[in-house]
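S.K.: Sequence:
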Amino acid sequence: MKKYLILLDIIFYAAIPLIVWNAGRGYLGDYNTILASSIPGILYSAFRFYEVKKINFTGIFILASLIIGTSSDFLAGSALQLLWNNVFYSIAVSLFFLLTIFSNKPAALLLSLDLAEMQGNDRASMNDLFLQKKVLYVFKLITMLFAARELVLSFVMVLLIKKYGVEAFDHGIIYKQAISWSFTIVSIGGFIYISKLINQDPERIQS
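Numbers 68 to 274, taken from this note's numbering, label the letters of the sequence shown in order.
Rather than coming from a laboratory, the hints here were simulated on the basis of the structure.
Any given hint might turn out to be false.
Unchecked claim - Distance condition first, Cα-Cα at most 25 Å in a straight line; then the derived BS3-like pairs of lysine-lysine:
#, residue 1, residue 2
1, K207, K172
2, K201, K172
3, K243, K207
Work the whole structure out from these sequences, hints included.
M.R.: Right, here's the structure in full:
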């Protein structure tokens with residue numbers, strides 16, 4: 068699945084919702100169509116949570132996002148309010164990422180620890196490596212990118228809602244994928260740099 072992650076994200080978070088939105092709104096109405104278009108993404112997110120197979124930061128984050136996002140959508144009551152709820156949710160997620168930085172446990176570090184552990188590395192040893200001053204600083208920068216992505220997404224959605232109203236939904240899907248993957252590519256560069264920093268001290272690496 069990991070080999071096709073980008074393709075699957077595009078299919079479940081962009082392609083299918085756009086198809087459902089354009090084909091179904093004439094029959095279901097705007098609000099019900101948006102809810103229907105979110106179901107494939109919800110099921111896909113649930114599958115990704117199942118694939119983690121462990122209650123760790125990554126699993127909890129995916130599950131919490133799934134529950135909060137779904138609840139927010141179904142409690143919105145109208146298509147326009149649903150879009151505004153998504154804006155507020157993005158801002159809340161951004162604040163959460165910033166909080167992990169201030170607590171000296173940046174989200175990017177915790178995600179990397181989970182990944183390292185799933186690959187068979189000792190979590191405590193990897194944690195010691197990641198807490199090296201320079202490495203920790205890069206993790207904080209990457210997490211700041213996570214927070215910035217959410218703020219940019221919320222800002223773009225506000226502009227789209229004010230300009231297009233409910234029609235901002237399909238525009239938002241396209242912009243969300245473009246912005247998310249742009250930030251992801253930059254973040255990957257940060258993770259690659261961290262790998263180089265750690266490998267400068269190979270005796271401390273178990274794997």
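S.K.: With reference to the structure, classify each hint as holding or not holding.
M.R.: Verification of the hints:
Between K207 and K172, the direct Cα distance comes to roughly 8 Å. Compliance with the 25 Å bound is thereby established for this hinted pair. A C-alpha spacing of about 14 Å is found between K201 and K172, which places the hinted pair at or below 25 Å, so the restraint holds. At most 25 Å may separate the alpha-carbon atoms for a hinted pair to count; K243 and K207 meet this at roughly 23 Å.
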